[in-house]
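Protein chains: 2
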Amino acid sequence: MPVNLPVPQAEHLLPIDGVTLGIAEAQIKKPQRKDLLVMRLGDRARVAGVFTLNRFCAAPVIVAKEHLAAGKPIRALLVNTGNANAGTGEDGLARTRRSCAELAGLLGCAAEQILPFSTGVIMEPLPIERIVASLPACVADLRGDNWLSAAQAIMTTDIVAKALSKQIRLGGATVTITGIAKGSGMIHPNMATMLGYIATDARISQTLLDAALRHAAGRSFNRITVDGDTSTNDSFLLIASNEAAMAEIDDAASREYAAFRDAVTEVATALAQAIVRDGEGATKFISIQVNGGANEQECSQVAYAIAHSPLVKTAFFASDPNLGRIQAAIGYAGIADLDVSRIQLYLGDVLVSENGGRAANYREEDGQRVMREAEITVRVELNRGTACTTVWTCDFSYDYVKINAEYRS
Amino acid sequence: MPVNLPVPQAEHLLPIDGVTLGIAEAQIKKPQRKDLLVMRLGDRARVAGVFTLNRFCAAPVIVAKEHLAAGKPIRALLVNTGNANAGTGEDGLARTRRSCAELAGLLGCAAEQILPFSTGVIMEPLPIERIVASLPACVADLRGDNWLSAAQAIMTTDIVAKALSKQIRLGGATVTITGIAKGSGMIHPNMATMLGYIATDARISQTLLDAALRHAAGRSFNRITVDGDTSTNDSFLLIASNEAAMAEIDDAASREYAAFRDAVTEVATALAQAIVRDGEGATKFISIQVNGGANEQECSQVAYAIAHSPLVKTAFFASDPNLGRIQAAIGYAGIADLDVSRIQLYLGDVLVSENGGRAANYREEDGQRVMREAEITVRVELNRGTACTTVWTCDFSYDYVKINAEYRS
Chain B
1 MPVNLPVPQA EHLLPIDGVT LGIAEAQIKK PQRKDLLVMR LGDRARVAGV
51 FTLNRFCAAP VIVAKEHLAA GKPIRALLVN TGNANAGTGE DGLARTRRSC
101 AELAGLLGCA AEQILPFSTG VIMEPLPIER IVASLPACVA DLRGDNWLSA
151 AQAIMTTDIV AKALSKQIRL GGATVTITGI AKGSGMIHPN MATMLGYIAT
201 DARISQTLLD AALRHAAGRS FNRITVDGDT STNDSFLLIA SNEAAMAEID
251 DAASREYAAF RDAVTEVATA LAQAIVRDGE GATKFISIQV NGGANEQECS
301 QVAYAIAHSP LVKTAFFASD PNLGRIQAAI GYAGIADLDV SRIQLYLGDV
351 LVSENGGRAA NYREEDGQRV MREAEITVRV ELNRGTACTT VWTCDFSYDY
401 VKINAEYRS
Chain U
1001 MPVNLPVPQA EHLLPIDGVT LGIAEAQIKK PQRKDLLVMR LGDRARVAGV
1051 FTLNRFCAAP VIVAKEHLAA GKPIRALLVN TGNANAGTGE DGLARTRRSC
1101 AELAGLLGCA AEQILPFSTG VIMEPLPIER IVASLPACVA DLRGDNWLSA
1151 AQAIMTTDIV AKALSKQIRL GGATVTITGI AKGSGMIHPN MATMLGYIAT
1201 DARISQTLLD AALRHAAGRS FNRITVDGDT STNDSFLLIA SNEAAMAEID
1251 DAASREYAAF RDAVTEVATA LAQAIVRDGE GATKFISIQV NGGANEQECS
1301 QVAYAIAHSP LVKTAFFASD PNLGRIQAAI GYAGIADLDV SRIQLYLGDV
1351 LVSENGGRAA NYREEDGQRV MREAEITVRV ELNRGTACTT VWTCDFSYDY
1401 VKINAEYRS
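So the protein sequences, as listed, match chains B and U. The opening position of the first sequence corresponds to residue 1 in the numbering used here, with each subsequent residue numbered one higher. The opening position of the second sequence corresponds to residue 1001 in the numbering used here, with each subsequent residue numbered one higher.
One chain only, chain B, in its complex shape (with noise of 0.2 Å):
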């Protein structure tokens, strides 16, 4: 069961002036689901996009990738979710094609103005006849406080729909920020094929929404993957309506931005939270904080490598404080000159190791009274500078092998 995640309730879910959703249930994989979404937006909208770096990246990635270049105004995004159109080729291409034209027809643009996204199992080609034949469904359902349903009709593994609004005050205008995720396994979270949607209502430059993208980007689902972005369709979209009582934010040194990236910024780390703590499996929610680092890139090289050891996360799981994992997995974590004997690892409160071994004053109790508890800390400090990251995992359960092992079944 995830971690801490409650159902999201669609009355916190705040419309977004400019913004309308429409779902469908198109039996794309399984019938009587919702699995088909399309998000329409107004006139003055502008989206920015960070999108996967697997080479094997899907059909939707390439398109969608090409249709922001082409600069024109982008329409609708239009997301499936039971199938990833991802290793497929030129068909696969032509059928994620021939659906953006298809939804272009039907809400009078130009198919280049179509974002179109598609999760599930990869390899198999896309039922565009299903989907073509749900989209006047989709059309005809649009409204703007369709948000939950929208976040139930882009889920694959998930077990909770991912979903939440902030408002903020800017520019003299209440500004709302909503946004959708879904993602399913987080134990090697570069396999995990992750989405997010974030919209706002509120004026901002085209350079400074990039710009805000990316630093949200940075601080939240890139801190629970590693790698890069490498499934192969990860996507995360920032779409601004523009509809907001307000001048717009064009300036990346005024206190109007810094607010506006920190709030984007803040519903992003809850989604991409959201994602681990509704992990493949997860019975834990584990928070690994890296500090003293030379640079950044180290304190993420250890990060990830006690994020992703097997061992580790199936100590987590047992509530084994069987803490020498985590030692080994610092030491392999690729720093050529790396002095452990300089190292301070700490679980939650507890110090559990210096001078290269165990703390003089740590009791095993200690360790598995924090092991226990749903929410874990792990602290690394390398006192070696003063660079710091933390990233966000899950532990590793029979669960996991059981829903990935059943996956297709």
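The hints are simulated quantities; they were obtained by calculation from the structure and are not laboratory data. A few of these clues could be false.
Going by beta-carbon spacing under 8 Å, a handful of chain B positions derived as facing chain U [as the list claims (entries may be wrong)]:
1) Gly-92
2) Leu-106
3) Cys-109
4) Met-123
5) Ser-353
6) Gly-356
7) Phe-396
8) Tyr-398
Away from chain B, derived, C-beta distances all over 12 Å, residues of chain U [stated by the list, open to error]:
9) Lys-1065
10) Gln-1113
11) Ala-1247
12) Glu-1296
13) Leu-1323
The beta carbon of each residue, even a glycine, is placed where N, CA and C say it ideally should be.
Start from chain B and add chain U according to the hints.
Just chain U now, kept in the frame of chain B:
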């Protein structure tokens, strides 16, 4: 259960002139278990070793490297299971040095002539008193035909002991090679403590013994680990007792050296594969061949990306030809200019994908047929050059989680 890994028979393990082995039950972690091994070497013996690159390397690794570097003839190896003596700081070093000094006293040599090794739980104090108390029993037990007991005495979560012998004709003499190894977790092999000891009566120079060791390691134990040898304790030793009635091999270009090197590599490869076959929770033995790379490095990146993906490994466990997961792993292996449209992916003899998508003639039942087998070969043709590599791994099952969640309990 181990995959096609028969239990070695004592009568198939051939003694090596100049090498005797003594075993004891020192109760290091559990009662009534062989857990301490002394391997005594004759006056003419030469030793070559490679060790983990982990920065948190174990105390015995540090001391063994020191003693090898000191240059005195090595007279004995001392190996314990049940405790890795890793992450134990200065105290761990002192305990290891004491064990060497005590054994040296019994054998009448200097402490620098002993090489120590440990495997087991990390970050717990080595029970040195119990080890010292059992050393006389090891020495009293020294015999040439103790190889099977020696293999058993170094096991941790291994189910099957790993040992084999091979004989070749070399320079007019019959030369014997006998090796033992232990290794457990293989899912993230850079965490699996691996110990390997291969002894031979061949006469060979120190330079060529070192060269043969590195040649064999690169084609065996290093094909089942990633990021170099990065557990805290990994060690692989090649011992030549120099007792055979033959001229010393001292020419790297000679037929004799090539034959010796290849025979050692064959023994090392069988031991390395045995570690995978006995991988924690393994139900499948998987060979991953990557051909047609621009260089061996990129072939390795692709092979290890596949070999390490929990999604790929759980699909193997489920016998599910969810082959898009393999494509995705190829895509995130880190080859920036990879043209995925040129790649062919084979499962056994079945062409699965080409031209960036599923192969036209691929049928799910063909993939399913291969996936049901206990030994599976994945072949990736990159079509970028002439380099190739092969790595070996196993699948990822419920039992992996069970073994690692309960290891200390």
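Review point. Among the hints numbered above, which are violated by the structure, and what are their numbers in rising order?
Key: 2, 3, 13
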